[in-house]
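Student: Sequence:
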Amino acid sequence: MHYQPRTIALLTEVVHPPLAPDPRVVQRLHNETYQAGPPPWASFTVGESGPSLSNAATHPGHVSQATFLPDRLLVREEQSAVTVEEFAERAAHLAGRYAAERSIGVFLAQVVTLRTLVNARHQRDTRAFLAQDVMDLGESLSAFTRPPATVGLRLAFTSSQAEQPAIGLRIESFNADPRSLFLEVQATFGPVVSASAADALRQRVHATYQVLHTEVLEFVAQHDQPREA
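Count the sequence shown with my numbering and you get residues 1 to 229, in order.
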C-alpha cells in the first residue's frame, strides 16, 4: 500500500455552550498572534456570522479562516498549503486561548473533517473501480438510462467507548480527475474540559488523520488490485 494522499480540506468545529461572540476578545487574540511572530491569520473582520480571522485567498477554492460562532469555533483550511500538524496546532492553540478569555469551562464536542485525494494504482477510472472492484455492482447499473457521473460509498461507525469518536466516511469518484478517489473522514469526539483542551484538540486532529492512513487506505488497497486477465 503506497498512496500519496493530497489533502484538499481540513476543518474542525469546536462546540461550546452558547455564548454571544465578542469581537473585542477575538481582536485581542489576533493582536496577540502578531506579537508572537508571523500570525497564522493576517486579517480580523466582523461579519454577519460573527468575528473571524482569515487569510486572503490566493487561488480559486482557497479558504483559510477561523470563525467565532455563537456555539462553536470553526477553523477551515481548504485548498491550502497548511499541513495537518500546522492545522492541529493552530486550531488547538486558538481554542485554548479563546476558552481562557471567555471562561469556557468545557467544550461539548469536536468535529474534525479531513478531505483528501489519492490515485488508484490499478484502475484509470475510479467510477469503474468503485462500482466493480469495491461494490461489485456487476451489470445492475444498466437499469439506469445513463451512466452515473459519480459513484460512491458511505459508511458510518458509531462510538462504542468513551474516547472513541463516531466516524463518517465517504469514498467517491472525483469528477475533476477520473483517476482520483475523493476520501472524506469526519470524526465526532465527545466533551473535553478546557484545562486540557489544547492537547486533546490537537491529538484529535491527528487521530482523524490516522484513521485515513491506518483504516481507509487499507480498505482501498484491498480492492485496488490488478484485474485478472
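It should be emphasised that the hints constitute simulated quantities derived from the structure, not laboratory data. For each residue, glycine too, the CB sits at the ideal point set by N, CA and C. Be a bit skeptical, because a hint or two may be false.
Now the in silico label distances, taken between C-beta atoms and shown as ranges [unchecked claim]:
#1 Ala156 - Asp125: 42 to 52 Å
#2 Ser196 - Arg170: 47 to 57 Å
#3 Ala156 - Gln35: 35 to 45 Å
#4 Thr145 - Glu101: 56 to 66 Å
Student: None of the hints should be skipped; say for each whether it holds.
Tutor: Structure-based check of each hint:
| no. | hint | in the structure |
| --- | --- | --- |
| 1 | Ala156 - Asp125: 42 to 52 Å | violated, 27 Å |
| 2 | Ser196 - Arg170: 47 to 57 Å | violated, 31 Å |
| 3 | Ala156 - Gln35: 35 to 45 Å | holds, 44 Å |
| 4 | Thr145 - Glu101: 56 to 66 Å | holds, 58 Å |
When each numbered hint is compared with the structure, violations occur for hints 1, 2.
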